[in-house]
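Visitor: Each chain is listed here by its residues.
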Amino acid sequence: MSSTIPRNLPIDARIYRAFLYLYPPQFRREFAEEMARDFNEATSEAQAARGGLVTFRARICADFLKTVLFQWARTGLPAIALVAAIVPLYTVTLLARLSQSTPVSIPTEPDAEMLAIVLLVTVVLLIVVSTILMTVLFVHPRLKRRAR
Amino acid sequence: VHVLLALAGSERHGYAIQKEVQRQTDGRVRMGPGTLYGTLQRLMESGWVEEVERARDVDDRRRYYRLTKGGREALKAEMARLDALVKVARAQRLVSDTTRG
Numbered sequence: 001m002s003s004t005i006p007r008n009l010p011i012d013a014r015i016y017r018a019f020l021y022l023y024p025p026q027f028r029r030e031f032a033e034e035m036a037r038d039f040n041e042a043t044s045e046a047q048a049a050r051g052g053l054v055t056f057r058a059r060i061c062a063d064f065l066k067t068v069l070f071q072w073a074r075t076g077l078p079a080i081a082l083v084a085a086i087v088p089l090y091t092v093t094l095l096a097r098l099s100q101s102t103p104v105s106i107p108t109e110p111d112a113e114m115l116a117i118v119l120l121v122t123v124v125l126l127i128v129v130s131t132i133l134m135t136v137l138f139v140h141p142r143l144k145r146r147a148r
Numbered sequence: 001v002h003v004l005l006a007l008a009g010s011e012r013h014g015y016a017i018q019k020e021v022q023r024q025t026d027g028r029v030r031m032g033p034g035t036l037y038g039t040l041q042r043l044m045e046s047g048w049v050e051e052v053e054r055a056r057d058v059d060d061r062r063r064y065y066r067l068t069k070g071g072r073e074a075l076k077a078e079m080a081r082l083d084a085l086v087k088v089a090r091a092q093r094l095v096s097d098t099t100r101g
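Line by line, the protein sequences are chains A and B. This note's numbering numbers the first residue of the first sequence as 1 and each following residue consecutively. This note's numbering numbers the first residue of the second sequence as 1 and each following residue consecutively.
Pulled out of the complex, with its shape left as it was, chain A reads as follows:
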């Protein structure tokens, strides 16, 4: 689909084209142009039918909501994001519990700052590592399947 929405289109078509940007990029690149064209044709037909436009809009909205979620789920990205969020949080919680159960001497103020930085870097590294791991686990096999 072209990167800009033509200004001479009816408002319905412009809104629909804008909403198509919510689909995952790969699906959008492959089908958005066809979907926008089909929408225009279907709108013309619905306008001709009495009360057809309201039903048509409701059907298109339902179809859009259902399929945009499904297409994102297919990419595996929600699972990656979820794991990328859960793994570092769980690790930090575990570390905090361990530190509570073992006697640790409270560091002086300059050391506390250093500890905070180290913790922050650890969390960021964990997010990066888990994102890479999940990408390799979920996205890579899918690409291989598509290549076959």
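Treat the hints with care, since some could be wrong.
For each label pair, taking beta carbons as the anchor points, the in silico distance ranges come out as [stated by the list, open to error]:
id, chain 1, residue 1, chain 2, residue 2, range
1, A, Ile86, B, Ala8, 45 to 51 Å
2, A, Val118, B, Arg61, 18 to 24 Å
3, B, Arg61, A, Thr55, 38 to 44 Å
4, B, Arg61, A, Cys61, 21 to 27 Å
5, B, Val86, A, Leu94, 35 to 41 Å
6, A, Ile15, B, Gln92, 34 to 40 Å
7, B, Ser96, A, Gln26, 45 to 51 Å
8, A, Ile86, B, Ser10, 27 to 33 Å
9, B, Gln24, A, Leu69, 25 to 31 Å
10, B, Lys69, A, Leu119, 56 to 62 Å
11, B, Ala8, A, Tyr21, 33 to 39 Å
12, B, Glu78, A, Gln47, 35 to 41 Å
Here are some, though not all, of the chain A residues that point toward chain B, as calculated from beta-carbon distances under 8 Å [as the list claims (entries may be wrong)]:
id, residue
13, Asp12
14, Tyr21
15, Met35
16, Asp38
17, Arg59
18, Asp63
19, Lys66
20, Trp72
21, Tyr90
22, Gln100
23, Thr131
Everything labelled a hint here was simulated from the structure, so no lab data went into it. None of these values were measured; they are calculated from a predicted model. Backbone N, C-alpha and C define an ideal beta-carbon position, used for all residues, glycine too.
Since the structure of chain A is provided, determine the placement of chain B on it from the hints.
Guide: Coordinates of chain B only, in the frame set by chain A:
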């Protein structure tokens, strides 16, 4: 199955597939664009449907799709399965014989 059946007769573009599904089901099944192209994407990944290379003068902007050999075999297998199911239903008088086409 609806999409495969719509493509059984000839190659079609997306909107024509939607219209054909609607026609074959007497308007009971109306596929939205998201559902249709999501289905086409999966069918193409399965190797059951492929995009057709068409001459530019036919319709430059449309993309046409057709069944592959594997897709036709899958459709036949599914139709045979449904046919067997309907036969069982008829034997148990769950389906009226008047619906026989």
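Visitor: Could you tell me which of the hints above the structure violates, numbers in ascending order?
Guide: 2, 3, 5, 6, 8, 13, 14, 20, 21, 22 and 23
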